[in-house]
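Undergrad: Sequence:
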Amino acid sequence: MMVLHLLVLLLSFGIQAGAQMKLNPDTLTVLRGEEARFTCSASNSKWTAMVWLLNGTAAVTISKVYGVLPSLINNVTAEEVSGSKGDSWVFVLNSTERYNQGQVTCDLQGIDRRTANLFVQEKGIVKVSGDDKLAFKGKSVIFECQAAGWYPVPSLYWLVNDKEVSQGEYNISSEESGKSLFTVSSNLSVMAAKSSEVDCLVSVSALTTPLKSSVRLTVVAEVVQEADDCTVLLAATASLSALLLLLLLGICIVLCYRQRRQANPSAKDPTWFIQSVVGRELVAETTKGKDNLGYSNEGPTDHEIRQTSGPDADYNELIMEIRRKMDFASFHKVPDIVYSSNPSLHIEIQGQASPSEENPVNIRRITTV
Numbered sequence: 001m002m003v004l005h006l007l008v009l010l011l012s013f014g015i016q017a018g019a020q021m022k023l024n025p026d027t028l029t030v031l032r033g034e035e036a037r038f039t040c041s042a043s044n045s046k047w048t049a050m051v052w053l054l055n056g057t058a059a060v061t062i063s064k065v066y067g068v069l070p071s072l073i074n075n076v077t078a079e080e081v082s083g084s085k086g087d088s089w090v091f092v093l094n095s096t097e098r099y100n101q102g103q104v105t106c107d108l109q110g111i112d113r114r115t116a117n118l119f120v121q122e123k124g125i126v127k128v129s130g131d132d133k134l135a136f137k138g139k140s141v142i143f144e145c146q147a148a149g150w151y152p153v154p155s156l157y158w159l160v161n162d163k164e165v166s167q168g169e170y171n172i173s174s175e176e177s178g179k180s181l182f183t184v185s186s187n188l189s190v191m192a193a194k195s196s197e198v199d200c201l202v203s204v205s206a207l208t209t210p211l212k213s214s215v216r217l218t219v220v221a222e223v224v225q226e227a228d229d230c231t232v233l234l235a236a237t238a239s240l241s242a243l244l245l246l247l248l249l250g251i252c253i254v255l256c257y258r259q260r261r262q263a264n265p266s267a268k269d270p271t272w273f274i275q276s277v278v279g280r281e282l283v284a285e286t287t288k289g290k291d292n293l294g295y296s297n298e299g300p301t302d303h304e305i306r307q308t309s310g311p312d313a314d315y316n317e318l319i320m321e322i323r324r325k326m327d328f329a330s331f332h333k334v335p336d337i338v339y340s341s342n343p344s345l346h347i348e349i350q351g352q353a354s355p356s357e358e359n360p361v362n363i364r365r366i367t368t369v
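If you read the sequence shown in this note's numbering, its first letter stands for residue 1, the second for the next number, and so on.
Keep in mind the hints are simulated off the structure, nothing from the lab. Any given hint could turn out to be false.
Claimed, not checked - Distance ranges between label pairs, derived from CB positions: (1) Arg113 / Val160: 47 to 55 Å; (2) Leu240 / Leu159: 43 to 51 Å; (3) Val165 / Thr218: 12 to 20 Å; (4) Pro152 / Lys194: 34 to 42 Å; (5) Ala206 / Asn55: 15 to 23 Å; (6) Leu249 / Ala193: 19 to 27 Å.
Unchecked claim - The calculated PhoX-like cross-link candidates involving lysine-lysine, where the alpha carbons are at most 20 Å apart (straight line), are: (7) Lys139 / Lys64; (8) Lys194 / Lys163; (9) Lys137 / Lys123; (10) Lys163 / Lys127; (11) Lys123 / Lys179; (12) Lys137 / Lys194.
A virtual CB, placed ideally from N, CA and C, is assigned to each residue, including glycine.
Using the sequences plus the hints, can you model the full thing?
TA: Below you can see the structure in the form of structure tokens.
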């Protein structure tokens, strides 16, 4: 019974002693080259020395009276927490390296010690092979991503148009190279449905933002569709232009034909000829022989009329008939009396008049130039 009471007493003393210091964080992960910080706080102010050990080797010694003592390790130091009255200290490891990874221990001499874990990771590079790609709609396109120089093995995933791709749609392989660094490769197959942005992202736990490499997938079918629309427009424009050209050509042919018909004397309109003849007879009847008709016949000659054959034969026969009637009428007309300075001519013309006529004779004056 006495032994049991002694064990309980010793256990209680151990718990009280252990509760007199704290170390945080318990685990810390940083990238190589970054700073690592751990804080050790003593609740028992009777301590005399605090020793920081890195992988079992003393790195920094802090005296309750004299503070931080000189260290043989260049990239470590300690900082007092303000307001702690010297009972709380921060262990600072500058520019961490891969060999610093391991255990960090705070030893409160004669009271207690606590241990935390330090992990140092390395950030490599990531690259999607090749440049931007073109593909026909409905075709499968393969993208390859490679992440080299990482520690530990990084996580890799794909995004298409900012949407994460299911892990079942791509494969991942990794291999270890020199200096315990890893290279990860992945292939992704994308169905070319529309133009997309393809991203490969790689990360380790110490990275707050993953590294990303991006390429552009352009679906050719979208460009071809635009070209088809342009082709249809050009075809429609060409067809309309051809129709307008044919119409213009027909108008030119009609105008040329009419001009040639008007320029050909043998093709004059019989209506115009008849109206000309009748118009002159009306003028002669209206003036009652006081003026000289003085016109010249612009129509075709009898010789030309006889030689005409074909559709214009009836028209030519009509003209010859009108001329014969005009000649017959002219044969029975009394010639005009002309005043002249020759007396004999004046007597001869008067002698031709019929003495039986009672009405005075109408005399026509002709001015000879």
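Undergrad: Hints numbered earlier in the text: which of these fail when held up against the supplied structure?
TA: Of the numbered hints, 6, 7 and 9 do not hold.
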